[in-house]
Amino acid sequence: MSKIIQLEQAISLINSGSSVLFGGFLSVGCAERIIDALVKKGTKDLTMIVIATDYDNKGVGKLITNRQVNKVIASHIGTNKATQTQMNDGSLKVTLTPQGTLLEQIRAAGSGLGGVLTETGLGTVVAEGKQIVNVDGRDYLLEKPIGADIALIKAYKADEKGNLVYSKTARNSNPIMAMAAKKTIVEVDEIVPVGELDPEQIITPGVFVDYLVPA
Amino acid sequence: MSKIIQLEQAISLINSGSSVLFGGFLSVGCAERIIDALVKKGTKDLTMIVIATDYDNKGVGKLITNRQVNKVIASHIGTNKATQTQMNDGSLKVTLTPQGTLLEQIRAAGSGLGGVLTETGLGTVVAEGKQIVNVDGRDYLLEKPIGADIALIKAYKADEKGNLVYSKTARNSNPIMAMAAKKTIVEVDEIVPVGELDPEQIITPGVFVDYLVPA
Amino acid sequence: MDKALIKKKIGIRIAQELSDGDFVNLGIGLPTEVANHIPEEIEVFFQSENGIMGVGAAPKPGSEDKDLINAGGGYITVKRGASYFDTCLSFAIIRGGHIDMTVLGALQVDQHGNLANWMIPGKLVPGMGGAMDLVTGAKRVIIAMEHCDKYGKAKILKSCTLPLTAKGQVSLIVTDKAVMEITGQGLLLKEIAAGTTIEELKACTEADLLIPDHLPTFGD
Amino acid sequence: MDKALIKKKIGIRIAQELSDGDFVNLGIGLPTEVANHIPEEIEVFFQSENGIMGVGAAPKPGSEDKDLINAGGGYITVKRGASYFDTCLSFAIIRGGHIDMTVLGALQVDQHGNLANWMIPGKLVPGMGGAMDLVTGAKRVIIAMEHCDKYGKAKILKSCTLPLTAKGQVSLIVTDKAVMEITGQGLLLKEIAAGTTIEELKACTEADLLIPDHLPTFGD
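Residue numbers (our numbering), protein chains in the order written: chain A, 1 to 215; chain B, 216 to 430; chain C, 431 to 650; chain D, 651 to 870.
Same shape as in the complex, but just chain A:
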C-alpha cells in the first residue's frame, strides 16, 4: 500500500470548513507547495491551527491574505498584518494561546489524553472561561485537546511507509501536529525506499502518516 499521492489529490482531501493543523514556524518547516495549491484552489472557511501566522506573503499567512480562513488558533500573529486587520474588522476569529499550551493541547489530542493541567496563563486573560483544577493545593488551568481533520506537515525525508526525518529547526511543531489529525499529509523533499532510513533516526513513525506528497 503506497502512501504517495500527487499534489492535486492532497488538495482534494481538504474541504471547505476543514480544520487544519499546519506544521512550521515563521514559514520554516511549512508545507509551502501544498499551501500554494490551496491558495490557487481557493478552499474557504478553514480553521487554521498553527504556532504563528507567518507573513502576509509567506507560509500559512497567504491563506489569510486570500481570506480562506475564518478561524485561527495560534500563539503569535505579530508578523502577519492580514491576521490583525481581519481580526480587528471581525471577519477572522482569533484565539491566542500560549505556545507551550497549544502544543500540549495538540499532543493531548494525538495521544488520547483528555487534557492537561498547566500553570501557564493563570491570572491572565488566557484563564478566562477555562476550568481551574486544584491539585494538592495548587491551581492549574485545564487545557483541552485540540485535534483537526487534516495535518499539513513538512518533512525533509520520508520512506515509502511514511517514516519521517526533519531538517534542523524545520522540525519544530511538525512531529506533534502529525499525531493529531484524522488525515496527516506530508510534503517531503525526498522519498527513499523502505529500509534506507535508520530506525534510530526516524522522528515521526509512519503510523502517524497517511499521505506523502513528493516535491
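A few of these clues could be false.
Calculated cross-link-like contacts (lysine-lysine; reagent style DSS-like; alpha-carbon spacing at most 25 Å) [unchecked claim]:
(1) K789(D) <-> K803(D)
(2) K308(B) <-> K130(A)
(3) K345(B) <-> K597(C)
(4) K81(A) <-> K716(D)
(5) K58(A) <-> K840(D)
(6) K817(D) <-> K359(B)
(7) K345(B) <-> K398(B)
(8) K716(D) <-> K157(A)
(9) K789(D) <-> K359(B)
(10) K588(C) <-> K144(A)
(11) K490(C) <-> K273(B)
(12) K359(B) <-> K597(C)
(13) K716(D) <-> K71(A)
(14) K597(C) <-> K3(A)
(15) K144(A) <-> K569(C)
(16) K729(D) <-> K372(B)
(17) K553(C) <-> K588(C)
Residues on chain D that point at chain A, a partial pick, calculated with CB under 10 Å [said to hold, decoys possible]:
(18) P709
(19) S713
(20) K716
(21) C798
(22) T846
(23) I848
It should be emphasised that the hints constitute simulated quantities derived from the structure, not laboratory data.
These figures come from a predicted structure and were not determined experimentally.
The beta carbon of each residue, even a glycine, is placed where N, CA and C say it ideally should be.
Following the hints, position chains B, C and D against chain A.
Here is chains B, C and D on its own, set in the frame of chain A:
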C-alpha cells in the same frame, strides 16, 4: 564544567530514603553497573519508580531481592518473585499503574504540567481514590505528576555536555525519566568529545543531564 | 485437541481480520501466533510497546541483540521500515487510537465487552503493564483465548467477576470453538468451529449468545 | 544616552548573572544583547524555543541555512554540542523548570513581580508566543528594558495596568538606570547606574523602591 563523575561519586548522591526513577524495561536499557554498586553499598528505604521490576537477579530486581526498597511504583511485577513475596508479606508497598499512565505522569513532572487526564483505568481498581474530571461530557481520571530525587538512566553514547543517544529498544523509558528528577545520572557505554554527535541524532539534550558515569 | 493446533486455529482466524497497512499490537502468549499467519498479499506492522514499530521474526540462535527485545522480554529482529521510539510515545500511539488492532489474552471476558486479564486477587498480581492502555486505546480489541479454562469452566461470562482491565472495549472474541462479536444487542455468535455443535458451545459459555439463522464455520 | 550604549550596558550587567553551564533563553530584541557579553571563563547554552539548544552566532551573509532560525525568525548557526528537538519538547524544557534563566523585555513590570509584555488592548496584539510559558517556567526571570518608555513615562509600576503575561514570576529587573530585585518585602534597589541619582531614579519609577544604605553602582 564537566559532567563526568566516577561510580562511587554517583552512588554517594543516592541517599537512604531517596526516590529514584529507573530507566529500562525488563533490564534492557537499565543502569546495571550503578545498580550493582548500590546493592554493594546497601543504601536502604528507596522508592523505586520503574516500568517493571525486572528479574530477581537482573536489573532493578536485585535491589528488591536485597531488601533495599520499601516502595515501588510500577506497571508490572510479574517477572520478579521477590516483589510479589515482599508485597504479600507487607514489607514492600507496591502501587500498580498502567504503563502509559505512569509514563505520562513522569513526563508531566518533567514538563511542568500539573497532571494529565486519561480514560485508561476508568471503571477499574486503578480509578480508586482518584479525582474524576469531566470534559465536554466525558469522564477522565486525573493523574498527577511523578518526579523523583534521582533518575538513573542508561545511554549508549553521550558527549561531554550530556547529550544522549540510545540503542534500539534500550531507549524505552530512559528519555522520559531523564526529564523528571532533581538529579539525573547517566551510565553510558561511550563518552565522545563535544561536537561528535550530530544535533539531529540526539534524543535527550544535555539540559536534562547532571552526571555521566563512564562504563 | 492439541494445544499447538488450537493456537494455530485461533491465530489463522484472527489473521483474517487484518487489512493491508494495519498497525497491530499482539499481547504475549497465544496472541503472538497471529504473526505466523499473515496473508501473503498484505503487509502489517507490529508494534511492541517497549518502543518499536516493525517487529520482525525471532532472531536465529546466537544472533540475538541484547538491546532488541519485545514487550515479553523475548529477543526480536526488526523489519525494513521499522522505527524506534521511547515508551511514552509508544503509549501515545496506543492511547491515541493509532493502533488498528490489538490481540490480547483474557482471564474473563463478558457480553458487555468488559475484559479481565491482569490479576486474580490473592493469587496472581503481575500488574497490568500496558494492557489497560491497549484495551482503552486501540481501534479494535480482539480477544484470543481457549474457550474454557483448564478445568473446563466458562471464561465468557454474563459479567466479569475478576478486577477489570477495561470496561466495554472488546470488539471480537476468537476461541477454539467460536468467533463472537460484542454488539449493542449483545454477544453475537458469528462463526462456530467446524466440528463443534451449538449445544457444546452453550454448555461452556456463561454469556447469553445471540445465534443467527445462518452460522458459518471456521477452522476446517 | 545612545541606544546602542544603553543596550550594551544592560547586556553586560545581565551577563554577570550567568553561571558556567547555564541554559538560557533570551527573548527577541534587547535581551539578545546578553549573548554578546558572556564572561570568557564560563560557557552557557542558549535555547531557542522553536527547537534548538546551543544557538551559535549569526551566520556570515551568504551562508544562511533556510532551515535554521531562532524564535525571532533570524538566521542562526549552531554551537558544538547543540541539539534539535520538536517545539513540544522545547516547551517541556521551559515549563519543566530546566531553563536556568530567561531574559525578556517588558511593556510594564510591577513591584509584585507581575509582567505585562504581550499586548496593548486595541492597539497591538501580537500574541504571547512562548512568553507566558517562559515566564512561568524558567528558574529565574530577568527583565531587560529601558527604564522609561519613549515618552519618559514609568514602566516599573506599583501594579501593572496592561494584560499580564504572568503573575509574580519576575526575579530581577535590569535597566539603563538600575538593578532591582523583587523580594518578599517589595522591590529592592540593588545597584544604581553610574551617573544616575536616586532622585532621578525615583522620578521615573512609579513602584515603591526599597533603598538600602549601601548602594553599589554599575555600568561605569
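Hint check:
Of the pairs offered as hints, the one joining K789(D) and K803(D) is violated, with about 30 Å between alpha carbons and a cut-off of 25 Å exceeded. In summary, the hint linking K308(B) to K130(A) is not supported, as the alpha carbons are separated by about 38 Å, beyond the 25 Å threshold. With a C-alpha separation of about 17 Å, the suggested pairing of K345(B) with K597(C) holds against the 25 Å cut-off. With a C-alpha separation of about 23 Å, the suggested pair K81(A) and K716(D) falls inside the 25 Å cut-off, and the hint holds.
Proposed proximity of K58(A) and K840(D) is contradicted: the alpha carbons are some 46 Å apart, above 25 Å. Between K817(D) and K359(B) the alpha-carbon distance is near 23 Å, which keeps this suggested pair within the 25 Å criterion. Straight-line distance between C-alpha atoms of K345(B) and K398(B) comes to about 29 Å, which puts the hinted pair past the 25 Å bound. Proximity of K716(D) to K157(A) is assessed by CA-CA distance (about 16 Å); at most 25 Å being required, the pair is judged to hold.
Distance restraint check for K789(D) and K359(B): the Cα-Cα separation of roughly 22 Å lies within the 25 Å cut-off, and the hinted pair is therefore satisfied. Between K588(C) and K144(A) the alpha-carbon distance is near 36 Å, which puts this suggested pair outside the 25 Å criterion. Distance check on the hinted pair: K490(C) and K273(B) sit about 24 Å apart at the alpha-carbon level, within 25 Å; holds. Of the supplied pair hints, the one linking K359(B) and K597(C) holds, its CA atoms being roughly 22 Å apart against a limit of 25 Å.
Between K716(D) and K71(A) the alpha-carbon distance is near 29 Å, which puts this suggested pair outside the 25 Å criterion. The straight-line distance between the Cα atoms of K597(C) and K3(A) is roughly 35 Å, outside the 25 Å bound, and the hint therefore fails. Distance hint between K144(A) and K569(C) is fulfilled; the C-alpha atoms sit about 22 Å from each other, no more than 25 Å. With a C-alpha separation of about 19 Å, the suggested pairing of K729(D) with K372(B) holds against the 25 Å cut-off.
Restraint check for K553(C) and K588(C): satisfied, since their Cα atoms lie roughly 23 Å apart, inside the 25 Å limit. The beta carbon of P709(D) comes no nearer than 12 Å to any beta carbon in chain A, farther than 10 Å, and the hint placing it at the interface is violated. Interface restraint check for S713(D): the shortest CB-CB distance to chain A comes to about 14 Å, outside 10 Å, so the restraint is violated. Annotation: interface hint on K716(D) holds; nearest CB of chain A at approximately 7 Å, less than 10 Å.
Proximity of C798(D) to chain A is violated relative to the hint, the smallest CB-CB distance being about 23 Å (cut-off 10 Å). A distance limit of 10 Å between C-beta atoms decides the matter here; for T846(D) the minimum to chain A is near 33 Å, and the interface restraint is violated. With 10 Å as the threshold, the beta carbon of I848(D) stays out of range of chain A, its nearest partner Cβ sitting at about 32 Å, so the hint is violated.
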